[in-house]
Amino acid sequence: MTDPSKNMIVRMFDVYKAYGKTSAIKGVSLEVASGDIVFITGPSGAGKSTLLKLIYKAEVATQGQIIVDGMNLSRIGSRQLPELRRRLGVIFQDFKLIAGRSVFDNVALVLEAAGEKPKIIEKKVMSVLRTAGIEEKARVFPPSLSGGEQQRVAVSRAVVGSPRLILADEPTASLDPDSAEQIMQLLETFHARGATLVIATHNRRIISRLKGREIRLERGCVKTQEISSDHEVEENQ
Amino acid sequence: MKDLWIRHFRHALKDMRSHRFLHGITWITIVLSIILSGTFTLFASNAADVISSWRAGVRILAYLEEGHTEQDRLRIHNILKENNLISDVRFISKTEALESLRSRMQRHSAVFQNLPENPLPDAFELRVRVEGNSWDTVEEVALYVEKIKNIEDVEYGGQWVGRFLKVIAMLRLAALGMGSLFFLISVFIVANTIRLAFYSRKEEVEIMRLVGAEEGFIKAPFYIQGLILGFSGGLGGMLILFLTYITLTFRMDATFTALAFDFSFLPLHTVAVMVGVSTLIGWMGAYLSFRQEVVE
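Heads up: the protein sequence lines correspond to chains L and F, in order. Residue numbers for the first sequence follow my numbering, so the first one is 44 and each next one is one higher. Residue numbers for the second sequence follow my numbering, so the first one is 1211 and each next one is one higher.
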């Protein structure tokens, strides 16, 4: 169970998401406190990615309320959407890097979109690339990088704007164990700097390595919520 | 802010380079539209100049008979002065007429060298006030002057002036019609070009939206592309039209001189308006391409 004294960065109340007659999310209610690490787990098709997409409003809930960093997503229009997205850092399974832009430009995009000055952009991007261990790849284009390196660029892009919440959708799914380990270390580093992590994953190594809360989804419903000691604290259905 | 616009400009140019064929075709379309619309405007503008000079007073030349006396000339001058429809009367002696002709036809000076005597007659140059597009007054004055004793002949625009006015009206209508048509065609072509460029970067645009970029930030390079196409197309079209004008008028200089007609290029403010309209075409094309995206 989450600590009620903490600030909640994500709150979902009885959220449903349907695609036509198929329901991807059914009546999910959950809370994520600031500074937490939360794992969304479950088998393929359980609704993990959909749940994350609802948080960064790539998908709109069919029913229910979602509040992210004080913003009620059902009440924000397309004009406020960029502001919500700038408060978040999203890491995608398929990296989603722009092939025609260098590593530096891919990461800088977030700060350019936020209207930062070039000098500040240069400083922040190089700092985050240094932390990710890919400083020397700054002028390289993503297609010439390995999968692990590309994911490190994606993590750098997600954290460069110092978001309060980082959403990661299967961040290690397409990586070898060494690269996955590096990504985990990186996520740990940024969590230690104060970011809240919500990670959708199958990878038990990540879950056991990073102390956090696990929310298990099955067929769109929250099956169990557990802390990392594997102690079951709540059963939703 | 300045850096942001430099960035947008850089991305716009990069995009134009990677779709150079498409942008090239669009640019040529704009250039051709401007040349065609500009040509019509050029003729309409010169015709308007001729008309306005006529409005200031249509010129009638009344040639005097050979062997008239000084007294005859004074009498005719007084008769002409008394006519209310005539705004100005000026005597042009045969010597003055020959000098004027010589200066206008300097390239053909040889023609005048072997003349045994001045073949031109003395004449009165009259200016007749013209109201609206009616040329009846001119004809009325011409007939009146022709009947004065010692006047041998009267020369004025006559019937062709009326026809000329109709041609000019049609020319103006054609300029307006062609201009509007080419405006619309160009806007749609620019819109499609920008749309294709936008779709070719669809994935990039999607990523930019996911990282929180505003629509203005995403679309600014595409608007800049439209503006660059419109502005450079307008300038290119005007430049080609000007070079064509210079080449043709240089060759036809003698003809214009003989017609006593000064065929001038478009005034600077008209050129500026045409380049401005062309730039607007680019902007509207970009705007339309995004409107289509919203509708879809």
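Some hints could be false.
[As the list claims (entries may be wrong)] Derived Cβ-Cβ restraints for the label pairs, each shown as a range:
1. L:G143 - F:L1214: 18 to 26 angstroms
2. F:L1214 - L:R236: 25 to 33 angstroms
3. F:D1213 - L:S77: 46 to 54 angstroms
4. L:S87 - F:I1216: 39 to 47 angstroms
5. L:N115 - F:L1223: 21 to 29 angstroms
6. L:P161 - F:L1223: 12 to 20 angstroms
7. F:F1398 - L:F184: 53 to 61 angstroms
8. L:G113 - F:L1214: 48 to 56 angstroms
9. F:D1213 - L:G143: 41 to 49 angstroms
10. L:G158 - F:F1231: 29 to 37 angstroms
11. L:S87 - F:L1214: 40 to 48 angstroms
[Unchecked claim] Listed below are the simulated DSS-like cross-link pairs for lysine-lysine, each with C-alpha atoms no more than 27 angstroms apart in a straight line:
12. F:K1224 - L:K167
13. L:K160 - F:K1429
14. F:K1291 - L:K160
15. F:K1291 - L:K166
16. L:K166 - F:K1304
17. L:K180 - F:K1359
Since the hints were derived computationally from the structure, they do not count as laboratory data. Beta carbons: idealized from backbone N, C-alpha and C, even for Gly.
Taking the hints in turn, this is what the structure says about them:
The hinted window of 18 to 26 angstroms between G143 (chain L) and L1214 (chain F) holds, with their beta carbons roughly 19 angstroms apart. As the Cβ distance of L1214 (chain F) to R236 (chain L) is approximately 28 angstroms, the hint placing it in 25 to 33 angstroms holds. Here the CB-CB span from D1213 (chain F) to S77 (chain L) is close to 34 angstroms, at odds with the stated 46 to 54 angstroms. The given range of 39 to 47 angstroms is respected by S87 (chain L) and I1216 (chain F), whose C-beta atoms sit roughly 46 angstroms from each other.
Between N115 (chain L) and L1223 (chain F) the C-beta distance comes to about 41 angstroms, which lies outside the given range of 21 to 29 angstroms. Between P161 (chain L) and L1223 (chain F) the beta carbons are some 18 angstroms apart, a value that agrees with the proposed interval 12 to 20 angstroms. Against the hinted window of 53 to 61 angstroms, the Cβ-Cβ separation of F1398 (chain F) and F184 (chain L) comes to about 35 angstroms, which falls outside the hint. The given range of 48 to 56 angstroms is broken by G113 (chain L) and L1214 (chain F), whose C-beta atoms sit roughly 28 angstroms from each other.
For the pair D1213 (chain F) and G143 (chain L), the supplied restraint of 41 to 49 angstroms is violated, since their beta-carbon distance comes to about 20 angstroms. At roughly 34 angstroms, the beta carbons of G158 (chain L) and F1231 (chain F) sit within the given window of 29 to 37 angstroms. Checked against the hint of 40 to 48 angstroms, the pair S87 (chain L) and L1214 (chain F) passes, with Cβ atoms roughly 42 angstroms apart. A distance of roughly 25 angstroms separates the Cα atoms of K1224 (chain F) and K167 (chain L); the hinted pair therefore holds under the 27 angstroms criterion.
Taking the CA atoms of K160 (chain L) and K1429 (chain F), the gap is near 20 angstroms; set against the 27 angstroms cutoff, the hint holds. Restraint check: the Cα-Cα separation between K1291 (chain F) and K160 (chain L) comes to about 78 angstroms, which exceeds 27 angstroms; the hinted pair is violated. Restraint check for K1291 (chain F) and K166 (chain L): not satisfied, since their Cα atoms lie roughly 87 angstroms apart, outside the 27 angstroms limit. Of the pairs offered as hints, the one joining K166 (chain L) and K1304 (chain F) is violated, with about 87 angstroms between alpha carbons and a cut-off of 27 angstroms exceeded.
Of the supplied pair hints, the one linking K180 (chain L) and K1359 (chain F) is violated, its CA atoms being roughly 101 angstroms apart against a limit of 27 angstroms.
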